[in-house]
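Engineer: Here is what each chain is made of, one letter per residue.
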Amino acid sequence: MDNTITNRQMVFILFLTLTSITIITIPKTIAEKAGVGGWATLLLTALMFGLLVMVIASLNSMYRGKMLYDYSRELLGKAFAVIFAVFYSLYFLMVSAYLCTSMASMLKANFLLETPLWAFVLVSLPVFGYVAYKGVTNIARLFEFYGVIFILAMTVVHGVMLYQGETDNIRPLFVPSETGKYLAAVKDTIIGFLGIEVLTITPFSLKRSKKAPRVAFLTLIAVGFAYVLVVETSIMMVGIHEITFYEYPLINAIRQIVLHYIEFLRRVDIVYLTLGVMGIVAGISMVYLAIVEYVCRLFPRAARWLVVVIVGFAIFLLSLEGFGILDFRHIAVQLITYGGLLAAGVIPVSLWIVAKVKRHG
Amino acid sequence: MTLALCLSLGAMGCWDASAVEDKDIVTAVVVDKTDSGYSFTVEIASISQGGGSQGGTKAPESKVLKGEGKTFVAARESLERKSDKLIDLSAVQSVVFTENMLYDDITQYMQRFRHNPAYRKTVYVAGTRVTPDDLMKATSENNTLVGTSLYQTFLSLIKNGQMYEMTMGDILTSLSCEYKGYLIPAVDLSDGEITLIGFYAMEGGACKGFVPVEGSSGIVHFHTKSKPIHYSVEYKGLEAAFAVDMKKAVTRGEYRDGKVRLNIRFSGKATLQYLSEEKKVTDEELNEMGETLKQDLRERHMEAVKTSQRVGVDYLDLHEAFRIQNPDIYKELDWSQVYPDAEINMDMDVEIRWGTIDYKEKEGE
Amino acid sequence: MQSKGMEAILSYLRSLNITFTERTVPYRRGEMKALYIKQIVDLTALPDQVLKPVVQYAASTGKPLKAAQVMNDVIYAADCRLETDTKKIQSHILEGMVVLLFSTDPQYVVVNIKKVEHRNVSEPEITYTVRGPRDCFVETLDVNLSLIRYRLKDPSLRVEMMEVGKRTKTSVAVIYMEDIASNTVVTEIKKRIGGISIDSVWGTSELQHFLQNSKHNLFPLLGTTERSDWACESIVEGRVVILADGGHIALIAPHIFAESMYACDDRYDNKFFGLFSRILRYMALYIVLCPSSQYIAIVSFHSYILPIQYTVLLSQLRQNVLFSPLIEVLLLELLVELIREALMRVPSKIGTAIGVVGAIIIGQAATSAGVFSPLLLIIVSAELLASFAIPDYFAVHPFRILKFLVILMTGSMGLFGFILALTVILISMFSLNSFGVPYMAPFAPFDRYDYRRALMFSRAASPYRQQYLRTKDGTRTDLYHENMEPK
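Chains as they are written, first to last, in my numbering: chain G, 6 to 366; chain C, 12 to 376; chain H, 335 to 821.
So that you can see chain G by itself, here it is in the shape it has in the complex (with noise of 0.2 angstroms):
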């Protein structure tokens, strides 16, 4: 069994990865910062990292079978791919860290409220922790299999939403004045897009691997349209103005769903703590492994179990050093916009240069 993944499969990693937990709380980010017309933004960003996709996809294509550490090491030596594999570890760290906290706020905030924090972190970890163990093509499976249902709950719950809520609230859809805003927003919804990284650790298969970058372009597209989707939705059914006071608003969106005929659920956000945690288990789980991947590149002999365990101990530290900093999510987004941009833009298109310069002499 090959270490690889399918066309299919990259475009449910992509989906998952990317709409993890940015997609409770993107509506209240555009309501903040774009306001009616933020559609526009979410588009305009899902085109930017489209095109940034396609460069880290048309690497894996060349590359067949490699991550970015082995190519890398080809094109510029193992001093940069080293580089680079810690520049992801500590990345990738920082990322699932956050992600950590987001989700055990989350679930605190809004299904289990005597929680303590912690003990979100310390029950998921391991599970996040086994999924990553299996390696590559298992996760891969896995996001083919959670995929479908989160895209179908997706599908019909915003299906809802787009009838029972209030069109006014998301209209003028675009006001000409207001063009400045929604371009200066774009710097915002950048968390929303960044995840493509983690294609630098899912190698393609040889099969139709050609297809890939064209493919991993419409599903950031689809990406785009989903966020749009949901920020609409959750407009629709809160206000713009309401929707600024909940921290996790697509939650609450789905909270104002009223079901008559369906009586036995008469809490519609149980469907996103089932279906929609999926989603962020899966996303989380996807981040765990790239942090093996790249510390099993650096310490080839190390046991992968081994490297689990440490890289467990390692995010839930670092999560709960964060439960203990108040403006944590705050300073973490920052670093991982700035980092991400560095992983998913600067790093890939350095080297997709360099290897057409290569290959065309």
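Quick caveat, the hints were computed from the structure, so don't treat them as lab data. Just so it is clear, the structure is predicted and the values come from calculations on it, not from any experiment. Treat the hints loosely; a few may be bogus.
As the list claims (entries may be wrong) - Interface residues of chain G toward chain H, partial, derived using beta-carbon atoms under 10 angstroms: (1) Met67; (2) Gly70; (3) Ser110; (4) Leu117; (5) Tyr135; (6) Arg146; (7) Leu147; (8) Thr279.
Note that beta-carbon positions come from the ideal geometry of N, C-alpha and C, so glycine has one too.
Starting from the known structure of chain G, arrange chains C and H on it as the hints suggest.
Structural biologist: Then chains C and H, alone, in the frame of chain G:
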């Protein structure tokens, strides 16, 4: 996997685990402003002892608890001291504000409501002149929970087209907007039954006026496409009943000469249901009846707008249409000042149709 | 062999205390010894087919007898062969053969007139079918092979015999279609069987443990069947079937999870009804695994999901229950598993009594005593029924164990714990493979044709074999039929 199991066992402090029978299930909350502060009167569904092995098929009884305090926090603490179990607000179906509370300010309570994840945002809300104790006592004689009774009443009114959905979540949405105008249904007890008597016109968190139910027909069509409503018109000694199916009003707003001008257009279909006499009518006569109906509808809906202008609260959400069409101008205006003087034009485009009963006079008859 | 050689062999054999029977037939200038164990030889056929002809021939001819001559011209037995290796005589006798030693010939004849008491071919007990054939495998390998041979008359059918178990020397047959089955799978299976080094193997059920990828695996990576038609279908699909002496279950490799949801009747019924049945089975699997943990989640953590009247009803039902929901569920699940085990082992005469006792204990008495709530009884009963709706009885076993993991994790963190447990189960399943075939194919990795076939099978509309098997010949027909859908 073993580790996950051990850790989950270890984490089984089960902080959030609390069996449903160990909770007091609250079905209705009445919030009152008293002389000494605030009070919460809650209706709690009682779990009768005999229902265990046979399953509960009879209607549950209820008990009423009251907590008072200088602040909401103190009132809640007082309530918790009286309860022998954990108070669970997740089953609340209706929240009722007394008139005192509405005329004071409900904003702080709504802030409490917003932060509480257990509360469903889709809880129906009402206002009442009746004291909380009377409200709870009267309906329990019929062995129905007050919360359920209120909920069912509102549900049937919405289905009949006499009311549109107004939940606590909608109030929060209105409160967070730049302009905050909305209606809260007013209920009273009539022969022990909860009855809609009108609406409280709210601006922000305080009540600005009262709209009786007789003068409130037409309000629904400003908010939503409603179920068909029946109207009857007088025509040459004949009473004709029509079922009117109206779409949601379409409003065009503009700002001209320092004044807001709103053109409201209603469209829909009116179907002849029956006539008061055994008589056949022609197409022309039907159209004339239709014109009378349109005039009548126009008057009713204009009356609804005029009432809102008189009260000074735009609870018809006309500001939304203006905001959508003139976002830049809207930002500069203070809607609460300009609305009462706004110029309103109304078009009624109602298609008149024959119904299923054949009243049409055939040629040659 | 010379008489001295024969005597030496006989002395050696006697010294082993095998308790075999010697029958001497003298002839001119020599004698023939027939060696056999009488308990496993057909004592009617022995004199008729072997001894009597030899005696008559020896009396009529004046020449010394030769083994080849006797085998070809004298004895009437259908299955016999010439051997020269004297070291194998012992194992031939122990296998139930009759060994004919000749004092005037170094060669000897091995005659197969084995007669072992065995069950008749009977109806299936585990996988009953309404419309399909009902002949099932028995414990005798030869009978089982006959059931396959009469269905598959293809010249490329291969039956390779192997032997496992140092003491039991159990015969194992590896059966496949040479021009369909993947060479990799066949080679791997033969390698694993050949690599078994153990003293005893009693049938295929034990053999299964040696053929799995990992010794610590919960999920069955080899399929099992007691039905000969199912085994033949698997062979034609490109799988390898393994049969062994002493076992009435055939092993099928590779095996995927979706195949546990196939029932024989799906092939014979209308394809839409087959689809409906398969969907029902997946729902049954969900019911086996999830409802009791969701009961805990709703009662303990998320009671706000339900409408008010159901919440009040739930409180009423639980009013007299002594235990917390988690303990209540664990106790009842353990009790039901206990009853299930007891019903399997109990002698038939007191089976009814156990059923009545179980119903009384768990039913009225436990509810009245406040041990369990009625709702939970309904849920657990539904789980029990659902477990019988899944055609592959052995496929349910992992989920009966994993259910407890799900219950415990839900008990600690509500629906979040439920999702974590589900993730652990799913990733474990996704990471398995059966002889190179992903266990969760065709769901992941996804294949559209295989996915459609996994849900809805129709012989007329399935021109290709399942793609995940990577067979040599992927097409089942070379004729175009109007109902066939091209890939």
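Engineer: Each hint: holds or not?
Structural biologist: Results for each hint:
1. Met67: 23 angstroms, violated
2. Gly70: This hint is violated: glycine 70/G lies away from chain H, its Cβ roughly 16 angstroms from the closest one there, beyond 10 angstroms.
3. Ser110: Cβ of serine 110/G sits 13 angstroms from chain H, so the hint is violated.
4. Leu117: 6 angstroms, holds
5. Tyr135: This hint holds: tyrosine 135/G lies near chain H, its Cβ roughly 6 angstroms from the closest one there, short of 10 angstroms.
6. Arg146: The hint holds - arginine 146/G has a Cβ within 10 angstroms of chain H, the shortest such distance being about 4 angstroms.
7. Leu147: Holds. Min distance 5 angstroms.
8. Thr279: 5 angstroms, holds
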